Amino acid sequence: EAGVTQFPSHSVIEKGQTVTLRCDPISGHDNLYWYRRVMGKEIKFLLHFVKESKQDESGMPNNRFLAERTGGTYSTLKVQPAELEDSGVYFCASSQPGLGLKNEQFFGPGTRLTVL
Amino acid sequence: DAKTTQPPSMDCAEGRAANLPCNHSTISGNEYVYWYRQIHSQGPQYIIHGLKNNETNEMASLIITEDRKSSTLILPHATLRDTAVYYCIVRLNYGGSQGNLIFGKGTKLSVKP
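Top to bottom, those sequences are chains G and R. Under this note's numbering, the letters of the first sequence match residues 1 to 116, in that order. Under this note's numbering, the letters of the second sequence match residues 1001 to 1113, in that order.
Since the hints were derived computationally from the structure, they do not count as laboratory data. On a predicted model such as this, the values are computed, not experimentally measured, just so you know. It is possible that part of the hints are untrue.
[Unchecked claim] Quick list of the computed label-pair ranges, beta carbon to beta carbon: (1) R:THR1065 - G:THR76: 20 to 28 Å; (2) G:ARG112 - R:SER1110: 34 to 42 Å; (3) R:HIS1077 - G:GLY16: 46 to 54 Å; (4) G:GLY59 - R:ASN1030: 17 to 25 Å; (5) G:ASP56 - R:ASN1030: 13 to 21 Å; (6) G:GLN55 - R:THR1026: 20 to 28 Å; (7) G:GLY71 - R:GLU1014: 27 to 35 Å; (8) R:THR1079 - G:PHE7: 26 to 34 Å; (9) R:THR1065 - G:GLN17: 47 to 55 Å; (10) G:GLY16 - R:ASP1067: 48 to 56 Å.
[Stated by the list, open to error] The following residues of chain G were derived to be distant from chain R, with all beta-carbon distances above 10 Å: (11) ALA2; (12) GLU14; (13) GLY16; (14) VAL19; (15) ASP24; (16) GLY28; (17) SER53; (18) ASN63; (19) ARG64; (20) SER87; (21) GLN105.
[Unchecked claim] Listed next, the in silico BS3-like pairs over lysine-lysine satisfying Cα-Cα at most 30 Å (straight line): (22) R:LYS1069 - R:LYS1003; (23) G:LYS54 - R:LYS1112; (24) G:LYS41 - G:LYS15; (25) G:LYS78 - G:LYS54; (26) R:LYS1069 - G:LYS51; (27) R:LYS1003 - R:LYS1105; (28) R:LYS1105 - G:LYS78; (29) G:LYS44 - G:LYS78; (30) R:LYS1108 - R:LYS1003; (31) R:LYS1108 - G:LYS44; (32) G:LYS54 - R:LYS1003; (33) R:LYS1069 - G:LYS44; (34) R:LYS1052 - G:LYS44; (35) G:LYS78 - G:LYS41; (36) G:LYS41 - R:LYS1003; (37) R:LYS1108 - G:LYS41; (38) R:LYS1052 - R:LYS1003; (39) R:LYS1105 - G:LYS41; (40) R:LYS1069 - G:LYS41.
We treat Cβ as the ideally placed atom computed from N, Cα and C, and that holds for glycine.
Chain R on its own, in the form it takes in the complex:
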């Protein structure tokens, strides 16, 4: 079972920041937080991941609380193309670990004009 809980849905106005929360209170010390998204009719797509420090890439920012029990994915300027289901996943990440992803229900983000 997924070790994360997310709100089932959220709305965001186009051009505004979308902040997607995730709770992972049972995360282990060596588990990372990963975010994927699935745009309608496509396969899931990697967005970002982190261990304990905040991370930023060209797609998004990831803010992880100090106790690591929750995190927030931030899309700084949401566009209509960001409408998708967003999945927060915790998993191990070390050189030889190439194990499977455990998907929960995710958050359906609707970006509105």
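Here chain G stands alone, though its shape is the one from the complex:
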């Protein structure tokens, strides 16, 4: 079974440009999360989808970030316009309730974003 996949693995853009990150969760997982780690900091939660609905977006830093999950399958995270402080690694995770009560989140490998 395929795990969580993310695209691209790396992205280098200039300040002011737009970047769109994509996450494909494990098939059938209703819950999808975005996290990020900026340089020298802890991994921080950004937002949580349940199917296509935003359950919790309290971690989104500002309105330059837009996340979507049309159809409740894959998700995109757009940063527009990108700023230097947006550089970091963006992780996506998915989970499904009722699977052994682990409430385990499965993480993708991350997208490393560098804003120059």
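Using the hints provided, position chain R relative to the given structure of chain G.
Just chain R, lined up with the frame of chain G:
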């Protein structure tokens, strides 16, 4: 903010047991202790979780003190591949709770040959 405190780093000899401590003195009665790890250049990976009883799976054992204010993750026979940052996280765990994880700084475990 994370509700846990962990030592920033630890070393362990290959083949020996690695014991990683975690303090969570403000844990609530309905919060579980979860452990994840992040191997370099990969996403975090679930290891184990527990409420109050000790737990064991194919990866590790989790020992939780009786007052639940601290716990220890045990890797019984550490290998070089276990070199990673280990995160202790407290969170709710009930059927409908699928909330986010709150990561602290974790413990960087270095397994040495």
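Here is how each hint holds up against the structure:
no., hint, verdict
1, R:THR1065 - G:THR76: 20 to 28 Å, "violated (44 Å)"
2, G:ARG112 - R:SER1110: 34 to 42 Å, "violated (23 Å)"
3, R:HIS1077 - G:GLY16: 46 to 54 Å, "holds (51 Å)"
4, G:GLY59 - R:ASN1030: 17 to 25 Å, "holds (23 Å)"
5, G:ASP56 - R:ASN1030: 13 to 21 Å, "holds (19 Å)"
6, G:GLN55 - R:THR1026: 20 to 28 Å, "holds (25 Å)"
7, G:GLY71 - R:GLU1014: 27 to 35 Å, "violated (47 Å)"
8, R:THR1079 - G:PHE7: 26 to 34 Å, "holds (31 Å)"
9, R:THR1065 - G:GLN17: 47 to 55 Å, "holds (51 Å)"
10, G:GLY16 - R:ASP1067: 48 to 56 Å, "holds (53 Å)"
11, ALA2, "holds (14 Å)"
12, GLU14, "holds (24 Å)"
13, GLY16, "holds (28 Å)"
14, VAL19, "holds (19 Å)"
15, ASP24, "holds (13 Å)"
16, GLY28, "holds (14 Å)"
17, SER53, "holds (12 Å)"
18, ASN63, "holds (20 Å)"
19, ARG64, "holds (20 Å)"
20, SER87, "holds (16 Å)"
21, GLN105, "violated (6 Å)"
22, R:LYS1069 - R:LYS1003, "holds (11 Å)"
23, G:LYS54 - R:LYS1112, "violated (44 Å)"
24, G:LYS41 - G:LYS15, "holds (21 Å)"
25, G:LYS78 - G:LYS54, "holds (15 Å)"
26, R:LYS1069 - G:LYS51, "violated (35 Å)"
27, R:LYS1003 - R:LYS1105, "holds (11 Å)"
28, R:LYS1105 - G:LYS78, "holds (27 Å)"
29, G:LYS44 - G:LYS78, "holds (17 Å)"
30, R:LYS1108 - R:LYS1003, "holds (18 Å)"
31, R:LYS1108 - G:LYS44, "holds (18 Å)"
32, G:LYS54 - R:LYS1003, "holds (25 Å)"
33, R:LYS1069 - G:LYS44, "holds (24 Å)"
34, R:LYS1052 - G:LYS44, "holds (27 Å)"
35, G:LYS78 - G:LYS41, "holds (21 Å)"
36, G:LYS41 - R:LYS1003, "holds (16 Å)"
37, R:LYS1108 - G:LYS41, "holds (14 Å)"
38, R:LYS1052 - R:LYS1003, "holds (17 Å)"
39, R:LYS1105 - G:LYS41, "holds (8 Å)"
40, R:LYS1069 - G:LYS41, "holds (25 Å)"
In summary, the numbered hints that this structure violates are 1, 2, 7, 21, 23, 26.
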